[in-house]
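K.L.:
Okay, here's what each chain looks like letter by letter:
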Amino acid sequence: MSTNWTIKTVTEAIAARKVSARELAGEYFRKIAARNGELNAYLTLSEERAYAQADRVDAMVAAGEMLPALAGVPIAIKDVLSTRGVRTTCGSKILENYVPPYDATAVKRLEAAGAVILGKTNCDEFAMGSSNENSAYGPVRNPEATDRVPGGSSGGSAAAVAADLAVVALGTDTGGSIRQPGAFCGVPAMMGSYGRVSRYGLIAFASSLDRIGPFGRNVADVAAVLKTIAGRDAQDSTSTEAPVEDYAAEVAKPVKGMKIGVPMECFGEGLDASVREKVNAGIGLMKKMGCEVQEITLPHADYAIATYYIIATAEASSNLARYDGVRYGLRVEGNSLIDMYRKTRGAGFGAEVKRRIVLGTYVLSAGYYDAYYLKGQKVRALIARDFKDAFLKVDAIVTPTSPVPAFKLGERTDDPLAMYLADIYTVTGSLAGIPGISVPCGKICGKLPVGLQIFGPAFGEVAVLRLANGFEKAGGAAL
Amino acid sequence: MKISREDVVRVAELAYLDLSEAELETYRAQIDEILEYIGKLNELDTANVEPMAQVLTSDQAADATLREDVVVPCDAVVDVLAQAPDADGSYFRVPKVIER
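Chains S and B supply the protein sequences, listed in that same order. Per this note's numbering, the first sequence starts with residue 2, numbered consecutively. Per this note's numbering, the second sequence starts with residue 917, numbered consecutively.
Bear in mind the hints are in silico, worked out from the structure with no lab data behind them. Bear in mind that the values here come from a model prediction, so they are computed numbers and not experimental data. A portion of the hints provided could be inaccurate.
To be verified - With a straight-line Cα cutoff of 30 Å, these simulated DSS-like cross-link-like pairs (lysine-lysine) come out:
id, chain 1, residue 1, chain 2, residue 2
1, B, Lys918, S, Lys344
2, S, Lys379, B, Lys918
3, B, Lys1012, S, Lys344
4, S, Lys379, B, Lys956
5, B, Lys918, S, Lys394
6, S, Lys94, S, Lys344
7, B, Lys956, S, Lys94
8, S, Lys288, S, Lys254
9, S, Lys389, B, Lys956
10, S, Lys32, S, Lys444
11, S, Lys9, S, Lys389
To be verified - From the structure, some residues in chain B lie toward chain S, with a derived Cβ separation under 7 Å:
id, residue
12, Val925
13, Leu940
14, Tyr943
15, Ile947
16, Ile950
17, Leu957
18, Met968
19, Gln976
20, Val996
21, Gln999
22, Pro1011
Beta carbons are placed, not taken as given, at the ideal position from N, Cα and C, and that holds for glycine.
Only chain S is shown next, with the shape it has when bound in the complex (with noise of 0.2 Å):
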C-alpha cells in the first residue's frame, strides 16, 4: 500500500474500492504503535471509535452512496479538543482521567464529513508552550530530527502529520501554536481568522486568542479540512456568519499579481541567519511567481510578545480558575474547601501553568490592572491597526513563522522569556485576529525545516491558501 496519504488519494482509493476505510484505519494504528514510542506524539488512541466510523463509510461505499468530503480520511485531535467518550487530558495531570461528555463541534463536523478520527495527541498543557515540553505526559520529538523539539504548543499533531502517522490532524492556536510546530516539523499549518471556526468544546486558555485549526502534507489538505470545521455555530457566540468560500476551487487560482507586504520588522535581530536565507529566497520564489513584493512596516510589531503575555495570562488565570476539584478532573483533599482548591490546583498544575496563573492573576489584580492589563489591551489595538492599514496597501504579509529552526529538547526550558521569544512573529497575527498560515520553505543543510508565514486581512482565507498553494506547486518546500 501506498505511504503519505492525501486527502485526494484516499478518497479516491476508498471510493474506487481499492482500499476501505477500515483497512486504511488499521495500517495507521499499525504505523502508531511503530513509531510512537519514540515520537510521543500520541496520548490516546480511540480505536474503538475510529473503526466504527470506518465501518459506516465502508457500509457507504457498499450501498453505492454519496460520499462526504473526507470519508475513510484517518485524522488525530490535538488533545484540548473534548471527544465524547475519549480521555482527553490537555497535557495536564488535573485532567488525567477527565472523559468528556460530549463533542466539540469542530470534531462533530470531521465525522459527520466522514472523516476517522485515530486518537488524541499530545500537547504543552493546556496548549501553554512553544516546545510540547511542558505535557505532563512527557515531550514529543521532533520526526525531523528526534533531538529536538517538535514546537508547540500543538507538537503532537504536527509530528503526528510529518511521521505520517495521520493523513490530516487539528491543533489549536493562540500565540502561534500551530504555525510554529508545522514550521518545525515542516507541514503546512493554518489558524483562520477569529470566529471563522466554531470553538464549542475546545478547553480554554485564553478566548481572546484561541483558535481551532489544521495540519496537512500539503495546502489542499489544509483547505479541505479548514472549509469542513468553518462556519458559524449556534453554540459559539464568537462564530461569525461570514459566508465560507470554496477553499479547494479558490486556492488553485493563480496568483500572478498578487501584492505581498514583507515588513521590515520581522528581520530584524534575533532572526537566525540560515531562517533568514530560506525565507528570502522564500519571497524571491514569490516574485518570480508573478506577485509584486514590496517593503511593508508594523510599527508595533516589537511590542507584541509583551502585548501578548500580559492578554493571554490573563485571560488564561481567569479560564483555569474552573479547575477545583469539585466538577471534574484531579481533587486532593483538604480540610476546609478552600484548602481542597489550593491543594488540588498546585498538585495538578504543571510550572508553566502556574507561573501563568500567577502572571495572569498579578495584572489582572488591583492597583496593577490599568499599568498591565489595560495598556496590553491598548497596544494590542494599535497592533491590529498596523496590519488593517498595510492590508489598505497589499493583499498578504509574508514572514519568518520562527526566528529559528527546531531547537535541541531541554536548550530553552529554564529561561521562559526566551522560550515567549520564540513566538515574536507569530503573536502579532493572534493578536489582531488575522488568518495565517505557515509553509514549508526549505530545509537548513538539508535537515531542519523552514516555515514562511503568509498573513491575510481577517475573513481573507482565500488570499492566504491561494498563495500558499501556489508557493507550495512552485516548489517552495525544496528552496
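Got chain S; can you put chain B on it based on the hints?
P.N.:
Structure of chain B alone, referenced to chain S:
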C-alpha cells in the same frame, strides 16, 4: 525589582494556588524578568488609544443582536456527574463550607 515575594504570596492566595517555597522564589525571579520585559510597553503613549476589548468588529459579530431564549433538552446530568470526583445523586459533594 518589579515583583516581591509578598506579591507572589498574595497573588497565589487570590488564585487559590498552593506553591512550595522553592516555587515561590523561582516564579518570583522569572516573573520579575518577564515584567521587566513587559515594561517596554511604557515606551508607547497610549493616552488616546481605545483598548481592544473585542476582536470582532460589530459587523462581523454574529450575536450583534440577542438571540431568542429557547428551552432545549439537555439530558446530561448522569454523564456530567460521572466525571465528578465526588458526586451524590444529582449533586456535587464538597467539603463542609458553613462553620457552625
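K.L.:
Taking the hints in turn, state whether each one holds.
P.N.:
Now for the hints, and whether the structure bears them out:
{"no.": "1", "hint": "B:Lys918 with S:Lys344", "verdict": "holds (28 Å)"}
{"no.": "2", "hint": "S:Lys379 with B:Lys918", "verdict": "holds (21 Å)"}
{"no.": "3", "hint": "B:Lys1012 with S:Lys344", "verdict": "holds (16 Å)"}
{"no.": "4", "hint": "S:Lys379 with B:Lys956", "verdict": "holds (14 Å)"}
{"no.": "5", "hint": "B:Lys918 with S:Lys394", "verdict": "violated (41 Å)"}
{"no.": "6", "hint": "S:Lys94 with S:Lys344", "verdict": "holds (13 Å)"}
{"no.": "7", "hint": "B:Lys956 with S:Lys94", "verdict": "violated (35 Å)"}
{"no.": "8", "hint": "S:Lys288 with S:Lys254", "verdict": "holds (17 Å)"}
{"no.": "9", "hint": "S:Lys389 with B:Lys956", "verdict": "holds (23 Å)"}
{"no.": "10", "hint": "S:Lys32 with S:Lys444", "verdict": "holds (25 Å)"}
{"no.": "11", "hint": "S:Lys9 with S:Lys389", "verdict": "violated (36 Å)"}
{"no.": "12", "hint": "Val925", "verdict": "violated (10 Å)"}
{"no.": "13", "hint": "Leu940", "verdict": "violated (9 Å)"}
{"no.": "14", "hint": "Tyr943", "verdict": "holds (5 Å)"}
{"no.": "15", "hint": "Ile947", "verdict": "holds (5 Å)"}
{"no.": "16", "hint": "Ile950", "verdict": "holds (6 Å)"}
{"no.": "17", "hint": "Leu957", "verdict": "holds (5 Å)"}
{"no.": "18", "hint": "Met968", "verdict": "holds (4 Å)"}
{"no.": "19", "hint": "Gln976", "verdict": "holds (5 Å)"}
{"no.": "20", "hint": "Val996", "verdict": "holds (6 Å)"}
{"no.": "21", "hint": "Gln999", "verdict": "holds (4 Å)"}
{"no.": "22", "hint": "Pro1011", "verdict": "holds (5 Å)"}
Comparing the model with each numbered hint stated earlier shows that hints 5, 7, 11, 12 and 13 do not hold.
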